[in-house]
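J.: Residues in the sequence shown are numbered from 427 upward in steps of one, following the working numbering.
Derived from the structure by calculation, the hints contain no laboratory data. One or more of the hints may lead you astray.
Between beta-carbon pairs, the in silico distance windows are [what the hints assert, rightly or not]:
id, residue 1, residue 2, range
1, P538, E501, 28 to 36 angstroms
2, V539, E501, 13 to 21 angstroms
3, E501, G535, 34 to 42 angstroms
4, L550, P486, 17 to 25 angstroms
5, P538, R459, 13 to 21 angstroms
6, R521, S431, 15 to 23 angstroms
7, G535, H502, 31 to 39 angstroms
8, P538, Q499, 27 to 35 angstroms
9, I472, H526, 13 to 21 angstroms
10, A449, R521, 30 to 38 angstroms
11, Q487, Q547, 29 to 37 angstroms
12, G537, E455, 15 to 23 angstroms
13, A517, S431, 34 to 42 angstroms
Backbone N, C-alpha and C fix where the C-beta goes; we use that ideal spot for every residue, glycine too.
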Amino acid sequence: MTSPSTRVLVVDDNVNAARALAAYLELDEFDCRLAFGGIEAIRVGIDWRPHVVIMDISMPQCNGFQAAMALRQSEHTHDIAIIAFTALDEAEVRRHLSDHEFDGYCQKGEGPVRLFELINQLVLAV
Numbered sequence: 427m428t429s430p431s432t433r434v435l436v437v438d439d440n441v442n443a444a445r446a447l448a449a450y451l452e453l454d455e456f457d458c459r460l461a462f463g464g465i466e467a468i469r470v471g472i473d474w475r476p477h478v479v480i481m482d483i484s485m486p487q488c489n490g491f492q493a494a495m496a497l498r499q500s501e502h503t504h505d506i507a508i509i510a511f512t513a514l515d516e517a518e519v520r521r522h523l524s525d526h527e528f529d530g531y532c533q534k535g536e537g538p539v540r541l542f543e544l545i546n547q548l549v550l551a552v
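Using the sequences provided together with the hints, build the complete structure.
T.: What follows is the structure, given as structure tokens:
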């Protein structure tokens with residue numbers, strides 16, 4: 427199980443969805459911050475250095491693929507765990523898993539147990 431100091435950045439351009447997910451994670455004592463788009467995710471990620479980023483993909487201006495790549499290229503955030511959390515087709519997202527933008531994938535709408543398991547697995551691997 428993660429510790430109360432496990433930092434999770436929730437990224438989604440849907441403000442209500444991001445807030446709901448963060449509130450749910452905080453019930454399990456994760457320390458959460460929010461970013462409402464890819465550009466904000468890069469800024470918050472570099473400044474705060476979370477252990478895990480839960481990244482939506484389909485966002486305007488800077489999508490999740492672009493934000494994940496930018497985080498991977500920064501010396502401050504290249505080693506953080508990034509989970510693709512999206513309604514997009516799994517095959518398209520998994521193609522990027524092999525390109526090292528994402529460490530894991532979780533389908534939106536799937537029960538939260540899978541997301542919690544993935545977060546815990548990735549935090550323990552660090």
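J.: State for each hint whether it applies.
T.: Here is what the structure says about each hint:
With their beta carbons about 33 angstroms apart, P538 and E501 fall inside the hinted range of 28 to 36 angstroms. Separated by about 34 angstroms at the C-beta atoms, V539 and E501 break the suggested range of 13 to 21 angstroms. Remark: the range hint 34 to 42 angstroms for E501 to G535 is upheld by a beta-carbon distance near 35 angstroms. Separation of L550 from P486 is about 34 angstroms and departs from the stated range, judged on CB atoms against 17 to 25 angstroms.
Distance hint check: the CB atoms of P538 and R459 are about 19 angstroms apart, consistent with the given range 13 to 21 angstroms. A hinted range of 15 to 23 angstroms for the beta carbons of R521 and S431 is inconsistent with their spacing of about 33 angstroms. Separated by about 32 angstroms at the C-beta atoms, G535 and H502 satisfy the suggested range of 31 to 39 angstroms. In this structure the supplied range 27 to 35 angstroms holds for P538 paired with Q499, their Cβ-Cβ distance being about 30 angstroms.
Look at I472 against H526: about 18 angstroms separates their beta carbons, and that is inside 13 to 21 angstroms. Checked against the given bound of 30 to 38 angstroms, the beta carbons of A449 and R521, roughly 32 angstroms apart, stay inside it. Hint check: Q487 to Q547, Cβ distance near 31 angstroms, so the stated range 29 to 37 angstroms holds. Checked against the hint of 15 to 23 angstroms, the pair G537 and E455 passes, with Cβ atoms roughly 19 angstroms apart.
Between A517 and S431 the C-beta distance comes to about 35 angstroms, which sits within the given range of 34 to 42 angstroms.
Checked against the numbered hints above, the structure breaks hints 2, 4 and 6 and satisfies the rest.
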